[in-house]
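**Q** Here is what each chain is made of, one letter per residue.
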Amino acid sequence: MSVDTSMPILVVDDYKTMIRIIKNLLKQLGFNDVDEAMDGSEALRKMQDRKYGLIISDWNMEPMTGYELLREIRSNEPTAATPFIMVTAESKTENVIAAKKAGVDNYIIKPFNAQTLKGKIDAVFGE
Amino acid sequence: MSNLDVELINKTVRDIRDRRADGKSIEDIIALAELSAESLKTFYQSLDNGIYGEIRNYSDHLTSIKRSVSRLKTGDNGLTRISRAIGDLQEVVKTTESATDTIMEQAEEMLSLTMDPSNPNAYQMAVTNHVTSIFEACSFQDLTGQRIQRVVSSLERLEERITQMHEVLNLQAGNTGEFSIMATETDEEKRSRENLLHGPSSEGEGVGQSLVDAIFAIENKRNIA
Numbered sequence: 001m002s003v004d005t006s007m008p009i010l011v012v013d014d015y016k017t018m019i020r021i022i023k024n025l026l027k028q029l030g031f032n033d034v035d036e037a038m039d040g041s042e043a044l045r046k047m048q049d050r051k052y053g054l055i056i057s058d059w060n061m062e063p064m065t066g067y068e069l070l071r072e073i074r075s076n077e078p079t080a081a082t083p084f085i086m087v088t089a090e091s092k093t094e095n096v097i098a099a100k101k102a103g104v105d106n107y108i109i110k111p112f113n114a115q116t117l118k119g120k121i122d123a124v125f126g127e
Numbered sequence: 128m129s130n131l132d133v134e135l136i137n138k139t140v141r142d143i144r145d146r147r148a149d150g151k152s153i154e155d156i157i158a159l160a161e162l163s164a165e166s167l168k169t170f171y172q173s174l175d176n177g178i179y180g181e182i183r184n185y186s187d188h189l190t191s192i193k194r195s196v197s198r199l200k201t202g203d204n205g206l207t208r209i210s211r212a213i214g215d216l217q218e219v220v221k222t223t224e225s226a227t228d229t230i231m232e233q234a235e236e237m238l239s240l241t242m243d244p245s246n247p248n249a250y251q252m253a254v255t256n257h258v259t260s261i262f263e264a265c266s267f268q269d270l271t272g273q274r275i276q277r278v279v280s281s282l283e284r285l286e287e288r289i290t291q292m293h294e295v296l297n298l299q300a301g302n303t304g305e306f307s308i309m310a311t312e313t314d315e316e317k318r319s320r321e322n323l324l325h326g327p328s329s330e331g332e333g334v335g336q337s338l339v340d341a342i343f344a345i346e347n348k349r350n351i352a
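Protein sequences, first through last, are from chains A and B.
Here the first sequence is numbered in my numbering, starting from 1 and rising by one per residue.
Here the second sequence is numbered in my numbering, starting from 128 and rising by one per residue.
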């Protein structure tokens with residue numbers, strides 16, 4: 001079974017450039033239905049209007065961080081099962097474990113390339 | 128006050144208390160009062176000198192602090208070093224963003240190029256133009272490098288001044304006294320500390336992607352078990 005490239009993906013990052021990079025990488029991997037949000041609260045608003053197949057989120061954002069977004073998603077029944085990949089520049093072991101405990105499906109350290117992103121998406125969908 | 132004076136005062140006081148002041152004239156009592164006043168004058172004079180010395184020390188200390196603070200404010204063309212450093216960093220963010228935008232735009236346009244088999248030269252020319260624009264945009268590194276170097280130098284000077292001020296103020300760990308109240312964390316600061324990360328790790332700090340993957344593998348195994 002291959003990953004459904006037509007699924008809608010929500011990219012959450014407070015840097016427009018990073019959103020653009022991730023969107024381009026996703027495009028290379030065949031994902032063309034990509035929405036964007038600049039922080040956790042905007043992502044939550046978008047998730048009320050649309051069901052996403054995957055969330056790719058940065059951790060460090062204001063006013064709502066990626067970690068807070070993850071906890072919020074996992075605590076709400078309609079969104080609890082949405083696959084979530086955290087993308088962050090910081091890689092302290094305790095933060096990786098905290099994210100894992102909060103229910104993150106995978107964790108990518110910036111900077112990364114298309115192959116790493118593909119590998120993590122495949123892993124999340126059991127490929 | 129000498130022992131002799133104290134003895135004389137005590138004896139007179141005792142005589143008056145015992146009602147044996149027959150031989151004591153009013154002149155004696157006045158002389159005694161003068162003696163007491165004279166003795167106290169010496170005492171207060173020494174006290175004055177002590178207080179004066181203390182105030183002098185405080186004054187010197189304050190002058191030294193003022194000198195250190197004024198060094199912190201030294202600036203060029205009316206701008207302080209700190210505000211110039213902030214301006215430099217804002218420029219770095221702007222320049223980097225603009226350069227990245229240009230590079231990505233050129234790359235995106237290159238990706239969307241289609242080659243007309245009848246005119247391969249036009250395709251090559253278009254690619255060359257885009258690549259040249261990317262090279263030009265990469266010159267941002269030189270500008271941002273210079274600005275960051277200036278910020279580093281300002282931060283080094285600032286650190287030097289703060290260290291000097293610490294020495295002048297004798298501020299060591301646990302010696303902050305009433306100033307420690309200023310370190311109280313606000314609710315917003317607490318939320319940021321608990322939820323926000325501290326940005327990219329320096330070389331040798333943090334873990335790499337392979338270690339993150341290993342942590343996930345261990346946690347996944349633990350969850351299955």
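Don't take each hint at face value.
Stated by the list, open to error - Straight-line C-alpha distance at most 25 Å; calculated DMTMM-like pairs for lysine to aspartate or glutamate: (1) 16/A with 263/B; (2) 110/A with 36/A; (3) 110/A with 346/B; (4) 317/B with 62/A; (5) 101/A with 232/B; (6) 110/A with 218/B; (7) 110/A with 340/B; (8) 92/A with 312/B; (9) 348/B with 122/A; (10) 110/A with 134/B; (11) 27/A with 236/B; (12) 221/B with 14/A; (13) 92/A with 346/B; (14) 16/A with 312/B; (15) 23/A with 232/B; (16) 317/B with 33/A; (17) 23/A with 236/B; (18) 110/A with 14/A; (19) 168/B with 134/B; (20) 110/A with 321/B; (21) 16/A with 236/B; (22) 101/A with 321/B; (23) 101/A with 340/B; (24) 118/A with 321/B; (25) 317/B with 94/A; (26) 92/A with 49/A; (27) 110/A with 228/B; (28) 27/A with 218/B; (29) 118/A with 132/B; (30) 51/A with 33/A; (31) 317/B with 42/A; (32) 27/A with 42/A; (33) 101/A with 346/B.
In case anyone wonders, no lab produced these hints; they're calculated from the structure.
**Q** Are residue 51/A and residue 33/A close enough, with their CA atoms no more than 25 Å apart?
**A** Holds, because 12 Å separates the two Cα atoms, which is no more than 25 Å.
**Q** For the pair supplied as a hint, residue 348/B and residue 122/A, is the alpha-carbon distance within the 25 Å limit?
**A** Between residue 348/B and residue 122/A the Cα gap is close to 18 Å, so the pair holds against 25 Å.
**Q** Is it true that the CA of residue 101/A sits at most 25 Å from the CA of residue 340/B?
**A** Satisfied, since the Cα-Cα distance of roughly 15 Å is no more than 25 Å.
**Q** Is the hinted pair residue 110/A and residue 321/B satisfied, with a Cα-Cα distance of at most 25 Å?
**A** It holds: about 21 Å lies between the C-alpha atoms, which stays within 25 Å.
**Q** Does residue 62/A sit within 25 Å of residue 317/B, going by the straight-line distance between their CA atoms?
**A** 14 Å, holds
**Q** Holds or violated: residue 110/A and residue 36/A, Cα atoms, limit 25 Å.
**A** 18 Å, holds
**Q** For the pair supplied as a hint, residue 110/A and residue 134/B, is the alpha-carbon distance within the 25 Å limit?
**A** Roughly 89 Å between the alpha carbons, so the hint for residue 110/A and residue 134/B is violated.
**Q** Are residue 110/A and residue 346/B close enough, with their CA atoms no more than 25 Å apart?
**A** Roughly 21 Å separates the two Cα atoms, so the pair holds.
**Q** Can you confirm whether the C-alpha distance between residue 110/A and residue 340/B stays at or below 25 Å?
**A** 14 Å, holds
**Q** Does the structure keep residue 27/A and residue 236/B at a Cα separation of 25 Å or less?
**A** Answer holds: residue 27/A to residue 236/B is near 14 Å, not above 25 Å.
**Q** Within 25 Å, alpha carbon to alpha carbon, are residue 27/A and residue 218/B?
**A** At roughly 31 Å apart (the allowed maximum being 25 Å), residue 218/B and residue 27/A break the hint.
**Q** Do the alpha carbons of residue 92/A and residue 312/B lie within 25 Å of each other, as the hint requires?
**A** 23 Å, holds
Going through the hint list in order, the structure does not satisfy hints 5, 10, 14, 16, 24, 26, 28, 29.
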